[in-house]
Structures are given as C-alpha cells and as structure tokens.
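Participant: The residues making up each chain are set out below.
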Amino acid sequence: MTRFALPMAVFVALVAVLAIGIKHSPQKGVILSPLIGKPAPPFQLPSLADPAHAVSSQNLKGRWYVLNVWGTWCVECRAEHQMLIEARDAHAVPLIGLDWKDDDDRAREWLAQLGNPYEVVVLDHSGNTAVDYGVYGAPETFLINDQGIIVYKYVGPLTREVWTKEILARLPVHAAARL
Amino acid sequence: MLPELGQFALILALLLAGVQAFFGIAGPMLGRDRWIAVVSPAVAGQAVMVATAVGCLIASFVGNDFSVSYVAGNSNSALPLFYRVTALWGAHEGSLLLWILLLAGWTVAVAVGSARLPPRFAARVLGVLGVVSFGFLLFTLATSNPFLRLDPAMPDGRDLNPILQDPALAIHPPILYTGYVGFAVAFAFACAAMLEGRLDQTWARWTRPWTTAAWSFLTCGIALGSFWAYYELGWGGFWFWDPVENASFMPWLVGTALVHSLAVTEKRGLFKSWTLLLAILAFSLSMLGTFLVRSGVLVSVHSFAADPARGIFILAFLVIMIGGALTLYAWRAPLLKSSAGFDLGARESFLLFNNVLLITAATTVFAGTMAPLISDALGLGTVSVGPPYFNPTFLLSMLPLTALLSVGIHANWKRGRLKDSQRLLLITLVAAALIACGLVFGIYEHGHVLTPVGALLGVWILLSSFVEPIQRWLQGVRVPRGMLGMTIAHSGLGILVIALTTVQSFTREHDVALAPGGSTTLGSYQFRFDGVAPIEGPNYDGVGANVTVTRAGAPVAVLTPQKRQYWVQHQLTTETSIRMNHGNNILVALGEDLGAGRWSVRIQIRPLVSFIWLAALIMAIGGAVAASDRRYRTSRVTEAAVPGVTVGNSA
Chain A
1 MTRFALPMAV
11 FVALVAVLAI
21 GIKHSPQKGV
31 ILSPLIGKPA
41 PPFQLPSLAD
51 PAHAVSSQNL
61 KGRWYVLNVW
71 GTWCVECRAE
81 HQMLIEARDA
91 HAVPLIGLDW
101 KDDDDRAREW
111 LAQLGNPYEV
121 VVLDHSGNTA
131 VDYGVYGAPE
141 TFLINDQGII
151 VYKYVGPLTR
161 EVWTKEILAR
171 LPVHAAARL
Chain B
1 MLPELGQFAL
11 ILALLLAGVQ
21 AFFGIAGPML
31 GRDRWIAVVS
41 PAVAGQAVMV
51 ATAVGCLIAS
61 FVGNDFSVSY
71 VAGNSNSALP
81 LFYRVTALWG
91 AHEGSLLLWI
101 LLLAGWTVAV
111 AVGSARLPPR
121 FAARVLGVLG
131 VVSFGFLLFT
141 LATSNPFLRL
151 DPAMPDGRDL
161 NPILQDPALA
171 IHPPILYTGY
181 VGFAVAFAFA
191 CAAMLEGRLD
201 QTWARWTRPW
211 TTAAWSFLTC
221 GIALGSFWAY
231 YELGWGGFWF
241 WDPVENASFM
251 PWLVGTALVH
261 SLAVTEKRGL
271 FKSWTLLLAI
281 LAFSLSMLGT
291 FLVRSGVLVS
301 VHSFAADPAR
311 GIFILAFLVI
321 MIGGALTLYA
331 WRAPLLKSSA
341 GFDLGARESF
351 LLFNNVLLIT
361 AATTVFAGTM
371 APLISDALGL
381 GTVSVGPPYF
391 NPTFLLSMLP
401 LTALLSVGIH
411 ANWKRGRLKD
421 SQRLLLITLV
431 AAALIACGLV
441 FGIYEHGHVL
451 TPVGALLGVW
461 ILLSSFVEPI
471 QRWLQGVRVP
481 RGMLGMTIAH
491 SGLGILVIAL
501 TTVQSFTREH
511 DVALAPGGST
521 TLGSYQFRFD
531 GVAPIEGPNY
541 DGVGANVTVT
551 RAGAPVAVLT
561 PQKRQYWVQH
571 QLTTETSIRM
581 NHGNNILVAL
591 GEDLGAGRWS
601 VRIQIRPLVS
611 FIWLAALIMA
621 IGGAVAASDR
631 RYRTSRVTEA
641 AVPGVTVGNS
651 A
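Sequences listed follow chains A and B, in order. Quick note: the first sequence uses the working numbering, first residue 1, plus one each step. Quick note: the second sequence uses the working numbering, first residue 1, plus one each step.
Some hints here could point you the wrong way.
Claimed, not checked - In silico SDA-like links for lysine to any residue, alpha-carbon gap of 25 Å or less:
hint: 1; chain 1: A; residue 1: 101; chain 2: B; residue 2: 565
hint: 2; chain 1: A; residue 1: 165; chain 2: A; residue 2: 146
hint: 3; chain 1: A; residue 1: 101; chain 2: B; residue 2: 594
hint: 4; chain 1: A; residue 1: 101; chain 2: B; residue 2: 534
hint: 5; chain 1: A; residue 1: 101; chain 2: B; residue 2: 312
hint: 6; chain 1: A; residue 1: 101; chain 2: B; residue 2: 155
hint: 7; chain 1: B; residue 1: 414; chain 2: B; residue 2: 451
hint: 8; chain 1: A; residue 1: 101; chain 2: B; residue 2: 592
hint: 9; chain 1: A; residue 1: 165; chain 2: B; residue 2: 312
Simulated from the structure, these hints should not be mistaken for lab results.
Based on the sequences and whatever the hints tell you, model everything.
Facilitator: Right, dumping it as structure tokens:
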C-alpha cells in the first residue's frame with residue numbers, strides 16, 4: 001500500500017516547491033536594471049521645444065526627477081499618458097521625457113493633443129541614449145535622485161499603483177509631503 | 001458583437017463540460033444508464049460551443065477588431081492574413097483556447113471511437129475528460145478571458161511578437177498541443193480503469209492507439225519547435241535544454257515509456273499498476289508544462305506570458321487533477337495483480353529496462369529544469385542549469401537504452417532464450433560496426449570518443465529494427481501494421497542517433513568580420529560577402545546580405561541572411577539563411593554592423609542536421625502506422641483476452 005502512495009508523496013513535495021516558486025515570482029517579473037544604484041548615463045540631446053537648444057544631463061542634476069522613455073509609435077505610451085498628466089498635476093517630482101526614435105512633428109502633435117506632462121522633452125533620434133540606459137522597450141521609467149543616481153526602473157506603462165508604491169514611496173519625505 | 005457571442009459560447013461550453021463530467025462519473029457509479037445517455041450529447045454540444053468561441057476570436061483577428069484587448073495586443077493591421085489567424089495562439093489566452101479546442105476534438109474522437117467499448121466504461125472516460133475540460137474552461141474564463149474589450153479601442157494593434165511570425169512556429173503550437181492534450185485521453189482511460197477497479201489486457205488494447213497517436217503528434221511538435229529554434233533564433237543550435245523545451249520533452253519521454261509499457265500490459269497482462277502510473281505521469285507533465293510556461297515561475301526565451309495569479313489557479317487545478325488521480329492510484333492500484341511471470345532474457349525484461357531508463361532520463365531532465373526552483377524555494381540562491389549538466393546526464397541513460405534496444409528487439413515474449421537469435425544479433429552488430437567505421441573514418445576524417453559509439457549504436461538500431469519484419473516477410477507471414485509501425489519508429493530512432501552523432505562531432509563554426517568583397521573559408525567551402533542592402537517587408541524593414549558560397553571554385557549557393565526590424569514592437573530579429581549541400585547544412589547569420597560596411601557574420605556547417613527532424617518525422621509516421629492497426633478496431637467480443645497467453649510477437 002505504502003509503495004503505491006509514494007507517487008503522491010513526491011507530488012506533495014513538488015506542489016510545495018511550486019507554491020513557493022509562485023510566491024517568489026512577482027519579483028522575477030520585474031526586469032532589474034544593472035544600472036540601479038549607478039550614476040545615470042550622461043547625455044546631451046536637443047530639446048523638443050527648441051531643437052537648436054541642447055539639454056545636458058548635467059543641467060538636471062541636484063534634484064530628484066523621473067525620466068520617462070516614450071514615443072508616438074508606442075501604443076502603451078498612449079495608455080500611460082493619462083497617468084503622467086495626473087503625476088504632473090500632483091507636482092511631486094518633475095518628469096523629463098526622452099522621446100525615443102521618433103518624428104519631432106508627430107511628437108509635438110501628440111503632446112498638443114494629449115497634454116504635455118513633461119517639464120522638458122529631449123530627442124533621442126539615434127536611440128543611442130536609450131541604449132545607454134538599457135531600455136528594453138518603451139515605455140520605461142527611471143527614478144533618478146539628487147545625486148544623479150538611478151534609484152528605480154519600471155518597464156511598461158505606469159499604473160497608479162506603481163506610481164504611489166514604487167516612485168512616490170522612494171522620494172525623500174519633503175518632496176512626497178507636498179502631495 | 002462577435003466577441004460577446006464567443007464569450008457566451010465559452011460559458012455554455014463550461015456548463016456542458018460540467019454536465020459531461022458529472023453524469024459521466026456519477027452515472028456509472030450509481031448505475032443509472034439514463035444519466036450515461038446524457039454524456040455524448042454534452043460532448044457534442046461542448047465541441048460546437050468551443051468551436052464557435054474560437055471562430056469568433058479568429059473573426060475578430062481577421063477583421064482587425066482592436067477593441068478586443070487580446071487582438072489589440074497580438075495583431076496589427078499590417079500583419080499578413082496568415083499570421084492574423086495564427087496570432088490566435090500567439091499569447092496566453094488564445095493558447096488556452098486552442099488547448100480547449102483540441103481537447104474538445106479529442107473528446108469527440110473518443111466518443112465516436114468508444115462505440116465499441118462497454119457504455120459505462122466509455123462514460124467514465126468521457127467524464128474524466130469533462131473534468132479536465134471544465135478546469136481549463138474555468139481557468140480561461142476566470143483569469144485569461146480572450147474576449148475582454150478595450151474602451152476606447154486601440155487605433156491599431158501592438159502586433160504579434162516578431163519571432164512568432166514564422167511558418168514553422170505558426171503551426172508548431174497546434175501540433176504540440178495535440179500531443180499534450182492527447183495524453184489526456186490516456187489519463188482518462190487510466191482514471192476510468194481505477195474508478196472501475198478493473199484493468200485487463202483489453203483495457204490496454206483500447207488505450208494503445210490513443211496513446212500512440214498522441215505520442216506521434218508530440219514527436220512532430222517537438223521536432224518543429226527544434227527546427228524553428230535552429231533557423232529563427234539565429235544561434236544555429238537545435239536544442240537548448242530551455243525550460244520550455246524541457247516542458248515538452250518530459251511528457252515525451254514518459255509517453256514513450258507508456259507506449260512500451262502498454263505493449264507489455266496488452267500482450268502479457270503485466271506492468272499494470274506501472275502503466276497506470278505512467279499514464280497519470282504523462283498527462284501530469286503535460287499540465288505541468290503548461291504551468292511552468294504560463295505561470296512565470298520559470299523564465300525563459302520562449303515564455304511570452306507570465307502572471308503569478310494564473311500560476312496559483314493552475315497549481316490548484318494541478319492539485320485537484322493530479323492529486324486526485326494519485327490518491328485514486330494509491331487506493332486502487334494495490335488491487336491489480338499480475339499472474340504471469342517472465343524470464344530475465346525475455347522481451348518483458350528489455351521493455352522493463354526501457355521504462356526504467358526512459359524514466360531515469362525524464363527524471364534527470366526534470367531535476368535540471370526544477371533545480372533553479374527548488375534551490376530558490378530552499379533559499380539557496382539562484383542557480384542556472386544548462387547543457388553541461390543535461391548533455392552528459394541524459395547521455396548516461398540514453399546510451400544503454402539505445403544499446404539494449406537492438407538486443408531486446410530480437411528477444412521473445414515470456415521466454416528468455418537469446419540463443420535463438422544470437423547469430424542474427426552478431427551479424428547485425430558486425431554489419432553495424434563496419435558501416436559505422438566507414439561513416440566515421442571514410443566520409444569524415446576526425447571525431448571524438450563518442451563518435452564511433454554513437455554511429456555504431458545508430459546503425460545497429462537501424463539494422464536490427466528491420467530483422468523481424470524481413471524474417472516474417474521471408475516466411476510469407478503478413479506483417480501487421482503494429483509491427484510495421486514499430487519498425488518505422490525504431491529505424492527513425494536509429495537515424496536520429498546517427499544524425500545527432502555526426503552533428504555533434506563534425507559541426508564547424510566560424511564567426512568572422514567581413515567587409516564587402518571579403519571572403520573566408522570553412523571546411524571545403526568558400527564564402528564571399530557581397531555587402532548588405534536595405535530590404536522592406538509588409539510590417540518590417542531591415543538589411544539583407546548576399547553571401548556567395550563556392551566549393552572548389554564551383555558555385556554552390558547564394559545565401560541571403562537578414563536582420564529585420566519590426567515596426568510596431570521595434571524588435572530586431574535575425575533571419576538565418578540555410579542551404580543544403582551534399583548532406584551539409586550551411587547556415588549563415590548576420591551579426592552586428594561593425595561600421596564602414598563591415599559586418600560580423602556567423603557561418604556554420606552542420607552535417608546531416610536535417611536528418612534530426614527527418615528522423616523525428618519518421619518516428620511520428622511509425623507511431624501513426626502502429627496506431628492505425630486493425631487489431632485495435634475489431635470488436636471486443638472476438639478479442640476477449642486471456643491473461644498470460646502470448647498473442648503474438650510484435651510490440
């Protein structure tokens with residue numbers, strides 16, 4: 001009899017392993033960037049408002065900001081846009097847009113139509129800056145601290161939950177208190 | 001409107017599956033024949049409803065209805081029509097729907113084919129299949145509804161994952177799933193036998209054709225997946241021991257053991273409880289495969305859908321199905337007694353070795369696949385298990401298996417007198433050794449230790465598998481389909497072993513940076529890189545290169561590898577270019593743009609690599625031939641089996 005119950009015992013052990021596997025898997029779903037804890041890669045890129053004027057990452061240093069990688073060709077970016085507008089209106093942290101491999105006119109049209117959540121938008125026509133940041137697919141969002149260090153990275157459209165639990169929660173108290 | 005109709009059809013299908021499960025299991029238990037009469041109509045109705053749901057989703061894909069979330073996520077108006085249809089199974093929700101459709105198809109086939117079975121037994125089989133179907137339908141409706149709407153609708157879809165836009169991968173999932181799901185039939189037969197508390201040789205005879213058919217589909221499906229990986233992933237390998245590949249390979253190994261163990265149960269009434277256990281295992285591993293691929297527990301290059309909430313549902317479902325079956329097994333299997341015995345040298349012993357070795361192989365693959373999970377669960381950190389583990393451990397059980405096959409194929413049932421066939425055994429062995437030497441040292445000039453061993457074993461299997469049918473043919477005795485199928489499948493295995501040996505021993509690979517006009521030599525071939533030019537497809541653009549291949553000055557082929565950039569997902573894919581020449585597969589893949597017109601180019605020459613997939617196809621054909629044996633279709637009255645009587649000499 002016990003001989004025939006053996007498969008059952010093995011199965012029970014397997015279920016335990018799988019259950020623990022599921023419990024641990026949410027963290028695995030997040031693509032951790034090796035850049036977290038490292039200085040944000042520097043860039044010097046034209047701004048969308050005035051392509052003749054270049055924005056350097058040096059100008060952004062000294063305060064916390066969110067770098068959002070987007071493009072008009074990216075369908076999820078449209079889904080995320082409303083969330084970005086809400087974030088802008090909350091004034092918790094400035095949003096910097098990195099317009100990735102995009103057409104300038106289309107980008108302007110997009111922002112005119114859907115509203116512009118960004119303090120400044122820089123243009124990455126070649127896609128080289130996105131490569132420096134290890135961008136996997138738009139949209140991607142980086143939280144960078146006042147020392148210019150990448151604190152957090154999120155892949156995919158931002159949700160309200162991610163915004164409050166992951167981004168606002170990481171901001172220093174005085175910034176978050178202004179909500 | 002169509003998506004709502006589809007969803008409604010799915011809900012009806014769920015209800016009908018419930019009816020099928022309840023009346024199919026409770027009817028025979030309580031002895032109510034009128035309940036049993038409900039089962040077949042429920043099966044038919046469920047199949048119609050599932051087909052309607054699938055039809056609705058396909059129509060949404062074809063009609064570019066981007067208000068359906070699943071369509072918006074996996075299709076695009078620029079996607080060619082063929083891929084808009086196959087995008088149905090391009091992600092999780094649709095794959096599940098495909099699984100359910102195929103299960104409904106198998107169930108209908110069983111319902112039609114079970115006309116010759118005792119009605120109560122048939123009802124139990126259909127009842128168990130109803131439980132499986134109910135579980136998957138509930139899973140789909142609760143966590144993975146493919147008909148969810150988006151408001152507002154997307155202007156255009158996000159496109160099908162570019163690496164899935166390929167003919168081989170488009171037809172790979174349906175064939176693979178047909179195999180996976182086919183083991184549900186063997187599982188249902190096993191559960192029905194345990195519910196009835198009776199298992200005899202007739203049971204094995206009913207179960208065999210279904211199991212063999214499912215095994216054939218699974219063989220084809222795995223081969224197609226390997227073929228796709230070879231030319232689409234761009235690395236030029238054909239097997240990566242990736243968790244998703246392993247997920248399909250484990251049921252195959254156990255299914256192969258089941259096919260052989262069923263032969264013993266049918267012919268000799270032995271291995272009864274073992275056969276039951278294998279039937280449960282084969283389907284459990286199929287479901288586990290779904291779990292591993294879909295739950296995000298194991299991350300791999302193939303898994304394109306991962307969601308822990310779904311994982312919990314699948315795990316609960318696994319506990320109910322597999323746990324239930326194993327409890328039934330612990331309770332009922334001790335009742336099954338085998339009266340007959342056999343000698344050490346009899347065919348039964350060789351099939352026992354076959355089973356032990358196949359299960360050992362499946363266990364090593366299982367251990368390797370699960371090791372990262374187990375180590376994670378025990379808090380030992382993340383480990384990664386790759387080919388350095390899988391190759392030698394797998395070989396460890398496969399070498400004796402292939403060697404014993406050639407011997408066992410000559411053995412008789414019940415009596416172990418190998419003396420009778422000693423001479424034949426020796427003749428085939430010597431002939432195999434001669435051919436293997438010719439192959440290794442004649443055609444190819446070098447190799448490593450395992451090369452002659454592999455070549456010998458492969459050729460030996462090939463020769464041995466033909467001995468029995470040729471003997472019969474010489475004696476003027478008819479060769480039954482079952483034996484013919486076995487011969488074809490075993491010769492396929494022989495070819496596979498030979499092909500794997502030559503590929504592993506004689507592959508040449510070369511990564512080189514080439515400027516336009518530059519050339520390089522690999523083996524006896526010269527490759528001239530003629531530079532790259534822009535290309536444009538229906539939903540992608542990119543660059544294509546021309547590589548002219550010559551052999552001793554004579555032109556062989558112009559290969560055109562490509563790098564594609566798909567517009568919507570901005571994903572780069574590598575399209576290798578492959579040409580056959582004198583049994584060699586010449587593969588060229590474009591690497592990186594090194595600037596100034598220079599590109600890194602990967603060149604591979606793999607001898608006989610196509611024979612790997614050809615061999616798998618031959619094995620699958622063998623299975624199909626064996627499954628179509630007339631023996632399985634004759635009425636049960638004339639085939640009343642007497643335990644312990646040797647029926648024939650074929651397996």
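Participant: Verify the proposed pairing of residue 101 of chain A with residue 592 of chain B, using a straight-line Cα cut of 25 Å.
Facilitator: holds (20 Å)
Participant: Is residue 101 of chain A close enough to residue 312 of chain B, meaning Cα to Cα at most 25 Å?
Facilitator: Violated - the C-alpha atoms of residue 312 of chain B and residue 101 of chain A are around 39 Å apart, more than 25 Å.
Participant: Taking only the CA atoms, is the gap from residue 101 of chain A to residue 565 of chain B under or equal to 25 Å?
Facilitator: Holds, because 13 Å separates the two Cα atoms, which is no more than 25 Å.
Participant: Going straight from one Cα to the other, do residue 165 of chain A and residue 146 of chain A come out at no more than 25 Å?
Facilitator: holds (20 Å)
Participant: Would you mind confirming whether the straight-line C-alpha gap from residue 101 of chain A to residue 534 of chain B stays at or under 25 Å?
Facilitator: holds (19 Å)
Participant: Assess, step by step, whether the Cα of residue 165 of chain A is no farther than 25 Å from the Cα of residue 312 of chain B, and give holds or violated.
Facilitator: holds (24 Å)
Participant: Is residue 414 of chain B close enough to residue 451 of chain B, meaning Cα to Cα at most 25 Å?
Facilitator: Violated - the C-alpha atoms of residue 451 of chain B and residue 414 of chain B are around 35 Å apart, more than 25 Å.
Participant: Please work out if residue 101 of chain A and residue 155 of chain B have their alpha carbons no farther apart than 25 Å.
Facilitator: Between residue 101 of chain A and residue 155 of chain B the Cα gap is close to 20 Å, so the pair holds against 25 Å.
Participant: Keeping to a limit of 25 Å between CA atoms, is the pair of residue 101 of chain A and residue 594 of chain B held or broken?
Facilitator: Roughly 21 Å separates the two Cα atoms, so the pair holds.
Checked against the numbered hints given earlier, the structure breaks hints 5 and 7 and satisfies all the rest.
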